[in-house]
Amino acid sequence: AQKVTQAQTEISVVEKEDVTLDCVYETRDTTYYLFWYKQPPSGELVFLIRRNSFDEQNEISGRYSWNFQKSTSSFNFTITASQVVDSAVYFCALTDYKLSFGAGTTVTVRA
Amino acid sequence: NAGVTQTPKFQVLKTGQSMTLQCAQDMNHNSMYWYRQDPGMGLRLIYYSASEGTTDKGEVPNGYNVSRLNKREFSLRLESAAPSQTSVYFCASSEALGGGANTGELFFGEGSRLTVL
Numbered sequence: 001a002q003k004v005t006q007a008q009t010e011i012s013v014v015e016k017e018d019v020t021l022d023c024v025y026e027t028r029d030t031t032y033y034l035f036w037y038k039q040p041p042s043g044e045l046v047f048l049i050r051r052n053s054f055d056e057q058n059e060i061s062g063r064y065s066w067n068f069q070k071s072t073s074s075f076n077f078t079i080t081a082s083q084v085v086d087s088a089v090y091f092c093a094l095t096d097y098k099l100s101f102g103a104g105t106t107v108t109v110r111a
Numbered sequence: 001n002a003g004v005t006q007t008p009k010f011q012v013l014k015t016g017q018s019m020t021l022q023c024a025q026d027m028n029h030n031s032m033y034w035y036r037q038d039p040g041m042g043l044r045l046i047y048y049s050a051s052e053g054t055t056d057k058g059e060v061p062n063g064y065n066v067s068r069l070n071k072r073e074f075s076l077r078l079e080s081a082a083p084s085q086t087s088v089y090f091c092a093s094s095e096a097l098g099g100g101a102n103t104g105e106l107f108f109g110e111g112s113r114l115t116v117l
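Line order of the protein sequences matches chains X and V.
Here the numbering used here is used: the first residue of the first sequence is 1, the next is one more, and so on.
Here the numbering used here is used: the first residue of the second sequence is 1, the next is one more, and so on.
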């Protein structure tokens with residue numbers, strides 16, 4: 001069985017602070033994919049990134065960066081210089097044949 | 001592009017009533033899914049359909065039935081609604097479903113908020 005744990009329930013920061021979201025996963029598969037999704041207050045789910053289990057390179061996209069470490073089964077997500085528009089629930093997810101989600105981390109960015 | 005369309009967006013039911021949530025995708029995807037979202041629990045898979053003509057149970061299938069009507073449409077039915085089924089339901093689709101090889105991003109609908117009194 002696969003499992004995704006997001007230990008942080010809520011994070012509150014002041015605008016321009018960096019925020020890191022933790023994600024730890026469990027799977028018996030050697031081939032799998034990890035995802036991050038964002039759910040803003042409007043409720044839709046927005047795809048942010050997909051990484052496969054063979055590619056441990058970190059990735060940066062604008063103010064977003066991801067740190068994938070297979071040795072610790074972690075796929076952490078950092079928002080640099082946070083903005084109010086980053087306020088949302090962020091989900092980490094893992095897939096073999098289906099997508100399993102973590103419980104989500106609510107990020108509140110205060111002006 | 002409509003993507004994934006769910007109807008209705010909001011519904012209030014009384015305990016014991018039945019209803020069907022409709023989902024349609026226009027991306028020619030093979031696989032479709034129904035999730036429910038509850039506070040503090042993330043999204044949990046109810047049922048999925050790997051391809052037209054097949055359906056399988058997910059984590060929380062009890063109290064639900066599904067129909068993959070054709071490649072585009074995947075409906076979720078509550079035969080006798082219970083207050084525990086109060087939730088936000090998301091339909092999603094992806095190009096393919098594969099054991100250990102699912103590269104497909106899931107595309108989600110906007111969600112359907114269901115309240116059972």
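Honestly, the hints are just simulated from the structure, not real lab data.
The beta carbon of each residue, even a glycine, is placed where N, CA and C say it ideally should be.
Hints should not be assumed to be uniformly reliable.
Claimed, not checked - One side of the interface only, derived from the structure: several residues of chain X facing chain V at Cβ under 7 Å: (1) Lys38; (2) Pro41; (3) Gly43; (4) Glu44; (5) Leu48; (6) Arg51; (7) Phe54; (8) Leu99; (9) Phe101; (10) Gly102; (11) Ala103.
Interface hint compliance - Lys38/X to chain V, C-beta minimum distance less than 7 Å: Violated, about 11 Å.
Does Leu48/X meet its interface restraint, that is, does its C-beta lie within less than 7 Å of any C-beta in chain V? Given a least distance of 10 Å, the restraint on Leu48/X is violated.
Let me know if the C-beta of Leu99/X comes in closer than 7 Å to any C-beta of chain V, holds or violated. holds, 6 Å
Given a cut of 7 Å on the nearest C-beta pair, is the interface hint for Pro41/X held or broken against chain V? The hint is violated - Pro41/X has no Cβ within 7 Å of chain V, the shortest such distance being about 13 Å.
Status of the Arg51/X interface restraint (C-beta, 7 Å, chain V): violated, 11 Å
The hint names Phe54/X as touching chain V; please verify it with the least Cβ-Cβ distance against 7 Å. Cβ of Phe54/X sits 12 Å from chain V, so the hint is violated.
Should the interface hint for Gly102/X be scored as holding, given a Cβ-Cβ cut-off of 7 Å against chain V? holds, 5 Å
Going by Cβ atoms only, is Gly43/X closer than 7 Å to chain V? Holds. Min distance 5 Å.
Would the hint on Ala103/X stand, with a C-beta cut-off of 7 Å toward chain V? Interface hint status for Ala103/X: holds (4 Å vs cutoff 7 Å).
Interface hint compliance - Phe101/X to chain V, C-beta minimum distance less than 7 Å: holds, 4 Å
With 7 Å as the cut and Cβ atoms as the points, is Glu44/X at the interface with chain V? Nearest chain V Cβ about 5 Å off; hint holds.
Consistency note: the structure conflicts with the earlier hints numbered 1, 2, 5, 6, 7.
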